[in-house]
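Protein chains in written order, with the working numbering: chain C, 1 to 442; chain B, 1001 to 1456; chain S, 2001 to 2420.
Hint data in this document are derived by calculation from the structure and do not stem from the laboratory.
Among the hints, erroneous ones may be present.
Straight-line distance between alpha carbons at most 16 Å, and here's what the computed EDC-like set of lysine to aspartate or glutamate pairs gives [said to hold, decoys possible]: (1) K212(C) - D2117(S); (2) K1315(B) - E227(C); (3) K225(C) - E2339(S); (4) K225(C) - D2117(S); (5) K2376(S) - E223(C); (6) K1165(B) - E2377(S); (7) K1315(B) - E407(C); (8) K2354(S) - D2303(S); (9) K2376(S) - E407(C).
None of these values were measured; they are calculated from a predicted model.
This is what each chain is made of:
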Amino acid sequence: MAGPPTDKVNRAFPLDNFAINNTIPRSTSQHHTIRVDSEERPLPTDIIPLNKPNRTTKFAIMASRKPPTTSRPGGVIAAPTTTSSGLPTLSSDDMCPICKTIRYLNRDMEFLINPECYHSMCSACVNRLFNDGPNQCPYAGCHRTLRRKGFRSAFFGDLSVEREVDIRRRVAQVFNQVEDDFQTLRDYNNYLQMVEDLTFDLVNGDEATKRKAEGELQAWEAEHKTEIERNRRAGKEQDEQSRRRLAAEREAARQRRLDAIKEAEEEKLEKIKIKEMEIDSLERGGPLPDQQRVQLKRRGNKAVEAAANLATAASTTTATAAGDGVGKLSIRGLKEKKKEPRPEGPYDPFGGLDLQPSRYKIHAGLKHPNVDKYRGDQAHVTGGYSFEEYTSRAMFEAFAGLGVFIEDEKEVGIGLVASEVVGMGAAMAAVGGDAGNRMDLD
Amino acid sequence: MATEDARYRDSSQYRLWSFSPTQLGALREKTNAAARARISERLLSHPLPTTTTSTSSKDLSTPTSNANTPDPDGNSTPALPEFLTPPEELTLVGYYTSEILRASEALHYADEIKATAAMFLKRFYITNSIMTYPPAEMFFVALFFACKVDTGHVNLSEYTKIFNKSPEEILAGEFLLCQGLRFAFDVKHPYRALRGAMMELASFPDMQSDLKRLDAAEARARKILQFSPLMTDAYFHYTPSQIMLAALSLADRGLAERLIQETFHFVQMEGNSADTPGGGNNGGGGGGGGGERGNKNYRANEEKAKVIGSQIRDKVLGTIEACRDMLNRELPERKEHWTNKPFIKTQITPLRKKLLKCKDPERWNLVELQRVRREQAARKMDSDDEDDASGGRRVKKEEDGDIFGGDLGHSAKKRKVTMKKEEDLFGGPMLVKEDPFGGAKVKKEEDSFGGFGGVL
Amino acid sequence: MAVSPLVAPPSSLTSPLKRQPSQQTSSNGTPNFGTAPLSAAKAILGHPQETSTSSSTPPSLTLDPIEQMNELEKRKYVKGRKLGEGTYANVYLGHSRSDPSALVAIKKIKVQAQYNDGLAPDAVRELKHLQELRGHPNIIQLYSVFSSKDQNLNLVLEYLPLGDLEMLIKDVDRVRYGAGDIKAWMGMLTRAVWFCHENYVLHRDIKPNNLLIAADGEVKLADFGLARGFSDPGWRMTATVITRWYRPPELLFGARHYSGAVDIWSVGMVFAELIIRTAYLPGNTEVEQIALICKQIGTPTEDNWPGVTQLTQYTVPSEITPVWGKEAYMGRFGAVGSEGVDLLVKTLALDPKKRITAREMLEHKWWRTEPKPTRKEDLPRKSGGGGEEKMGADLKRRNGVLEEDRGSKVARKLDFGAMK
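Only chain C is shown next, with the shape it has when bound in the complex (with noise of 0.2 Å):
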């Protein structure tokens, strides 16, 4: 290991970064060849000491998740276990659970959580233990390696609602599409069952599942990396930009003299600004339980901003080229929204084609003698002649094409069939008038 661990260390393993390398000998088994970061060398051992000067009593944790044996020097002392289901609750007169402090004798003492395991304890504690640097979370039990910049106070006095709104919060930066990203309103329900699952897994899961989320949170994140941001900064820019489109839109308005409906349109657009605000502020603090909900309807309304803003980006630049109306144009913004390139929906293995057969079934009840003649026999089974692949082949050719209609299309054209044959015969005649004139290449 060199160079301090990192965040990464102490997350679940993003399962689709480990190194595969064929340096591996045969035997070594699944667990050493994934690893957290691009280290090659197979460790070991569990506990690593760090050999960083000063840092005698700093410890990473490397890929094997055995509980910690003894105690540990650097103030790893017993304290309350946890459930892996419930977290310890925060109540005024708690004592802290690593230094026994109770608040009757430091009136003062501060609770801090730190989000990536929510144990909670003072802040004299925190300071002793993280002021050096990262260190190993001192409850029994709890492997993971904390920042002090990680502490903070809890809002909530429910640990277990804390962490829940952090998930959420973080989720949600993460899967922050909306629908108008994707193709149907199918697909964006599966989406937002897919996130909700994930969310559940994360804030609910058993250590295994938690681990699986995680590590798809973080492929996701690193997978659409340039989406996320794209939207987070749309959302981000939205008020701005629109604010700016407005007064352009209202200058060119009052110019073209087509004030009446320039307002008309900036009331709308207001509208749906002033919904969106509450709509996000709403978000940023709002409670929970009402969360997905929330998101739901923001994305709805972004879907609708997002076209209107289109919309009055192409009023303004035409609107100065042309003078053109309003309304209609803001009709054809939603199209060209549609065109768009849209984040990918979920992954289709046959990458969009569908070659099912729309006139005919393959069914078992497809026999011809003379090819069941050759069913039985050895040479076609053993070598693994398959009678459905021809089957499915002599049904097709005997339906493809049966639709298509050669005169018509090839006088009318599908597409520029026809024309090639036109040009054919034009260059043919051109060739013919030609004659006289050779085209010696040579």
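Starting from the structure of chain C, add chains B and S where the hints point.
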């Protein structure tokens, strides 16, 4: 749109080799006209006596009387022969097509190969006039190449033994053929389609008792497919499935209609799923619209109607009927007609004689043509590279010139190079040098070939 | 309901035809005069250089219409530098004359070289199948064909500058990739094979260096020189196809009636190779290949593959290895997860009848489990170039032959005697 149709439209057969009758007719006229014009010009610019001395080909061994053909206009300019008309060309192509079928039958080739060979020949003579390239030669080339395409290969020496041809004679036309086929070698036939149709028919419950009828119909339809569509223009105007159904209809109209009725049927435009299971055949779309309701279902059905609805059924029926009429003109019984001695004597022989008089003097001898082409190529070697070569390249050529030029000089001295030697000459430098000639050598080459243009 | 999926999607940089829509349908080697009036053509034909040559040349053969078409088609492209040179074919970089930014690869097949029976069967097969397998994003596109003066065939192919999968697999030091990347590549490969099989074509030479990579990261199956249509019942095919390391047991045992399952085995071999980054079963001879299969996958016996002992060339090592279960693969191939290994094992069924089909592969759960397939743009690519040269080398190669540095040459004996 039905995927089956969309996929057929992607085939080279549809893209490149399907025409409306008008288009096909126009194409043939154009080809014929172009050939006339070019042959006239060539005959006028190359006095014929030279031609006869230049070649050993048996095609040209009978001294052509072109020069002596009575000039209809009574001009003093060198006389032009009477050219074949487009219908005459077509008759001759038909004759050679029947010869291909006869030959491949004698050799027990598979249906696909026979049909591919026939279609190769027919396709080739759409953009090439029969007056330009000798059909009697191209016929072997087409058969040989069809074997190659369909089975991967045929042993050339065996093939040449069967037909008593030299390998050069076969190979000389191969590239020409490929070019004439627009480098699309896949021909889609209706034979497997017939098998599919019979499978479908046999799967109808009520047909189980009537298997004899199916067998008879299949046998007859196959026989028709082995001849009629190849002797007509069916392949250019209809799809294999349509041709197959037309043949089936000629064999047993009831069966063909039954199949069409089962495939296309009334699609309810409202309400619940319109799949009316009849014979287990319909609605292949998979009855997709299950849970959807109302509007969506309507649209799905509308889409379905376009694929299997009654309107398209009527159009399919009409198309098949037209195809049936076409096939009906060349039923297998006409096979005898094409070998009938009086017919050949009165129809074909005069055309062949006429053809020999109006053939293209530069192109007719394929072997010679091939040889000249190769020599030109050798001279120009990789003209493509040269076209786009930068200055730097040119320097390199100069260096390479020696070796290559030497070779060429050698070959030029031996005017009557054999094919074998030529290949060496051609292959040798190609392998060693990427750009094997310099300007000076080209000139030398040209000098040594100076007489060739006249010779041809 | 039914889509019309086969229309070629406009590919971003490659298609020189895109800008001239009326030519799109003619990408077969014959031009279409719709947009190219003959006068323009003549201007091209009367290239200064050409004229100077022709003026000093005695009168020679006039061009036929079909030849003029060919000439026009040829003039649409400008041949650039050579990317690869072989005895069978040369590969050049090229671009559209009308749009120099539209790059293509021009594979010039030396018709006469090394083959006395005319046009080489490889070239015939490749042309035959590429003309029909159009419009799929994972199959190399054939834009045009034309002949050059020396009667060589020129195939204008999609330009695939990022090398091939073999290059990425081998460059262990510089190229790192993970399960999401493997899934993306496998998806593209499987779709390509599925499309071939849906069009009733067996590829018969699937291997990493026939999987070329486009500028946008899309993997394209290339080299159809050994491809053929599915055979009808009763028709024998040759067993000596597919490069040895990727050859399935039924072919090693001399089966003459086989199916798409032969390609699936190759796909499985590529899958395994992607994971372990070295050829999975690199046998030096056919005997060794069979031995490797027996050892690593299991010995084919009458129990797991009824009738196998009757295949003409059935010989297996005397020591019988039972067929390994999925668990046995988890250690070495676990990187793709349990579902991935499940899919791998299904491609490696000894009995071809029990092997998964391409369609079934695409229906497998693996594609829907995490991690998601990497977007093609984000797939690892080899830095430092060399891709073009690799493409050149790949395209010029004869089929079914291992690179010399990867193993000894396969005796290339194709049996064409099936014709009757």
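Against the structure, the hints come out as follows:
For a cut-off of 16 Å, the pair hint linking K212(C) to D2117(S) is broken: about 60 Å separates their Cα positions. Only pairs whose Cα atoms come within 16 Å are accepted, and K1315(B) paired with E227(C) is rejected, the gap being roughly 49 Å. Simply put, K225(C) and E2339(S) have alpha-carbon atoms about 26 Å apart, too far for the 16 Å limit, and the pair is violated. Distance restraint check for K225(C) and D2117(S): the Cα-Cα separation of roughly 56 Å exceeds the 16 Å cut-off, and the hinted pair is therefore not satisfied.
For the given pair, K2376(S) sits about 10 Å from E223(C) by alpha-carbon distance, which is consistent with the 16 Å threshold. Only pairs whose Cα atoms come within 16 Å are accepted, and K1165(B) paired with E2377(S) is rejected, the gap being roughly 56 Å. This hinted pair checks out: K1315(B) and E407(C) have alpha carbons roughly 12 Å apart, not beyond 16 Å. With a CA separation close to 13 Å, the supplied pair K2354(S) and D2303(S) stays within the 16 Å bound.
For a cut-off of 16 Å, the pair hint linking K2376(S) to E407(C) is broken: about 42 Å separates their Cα positions.
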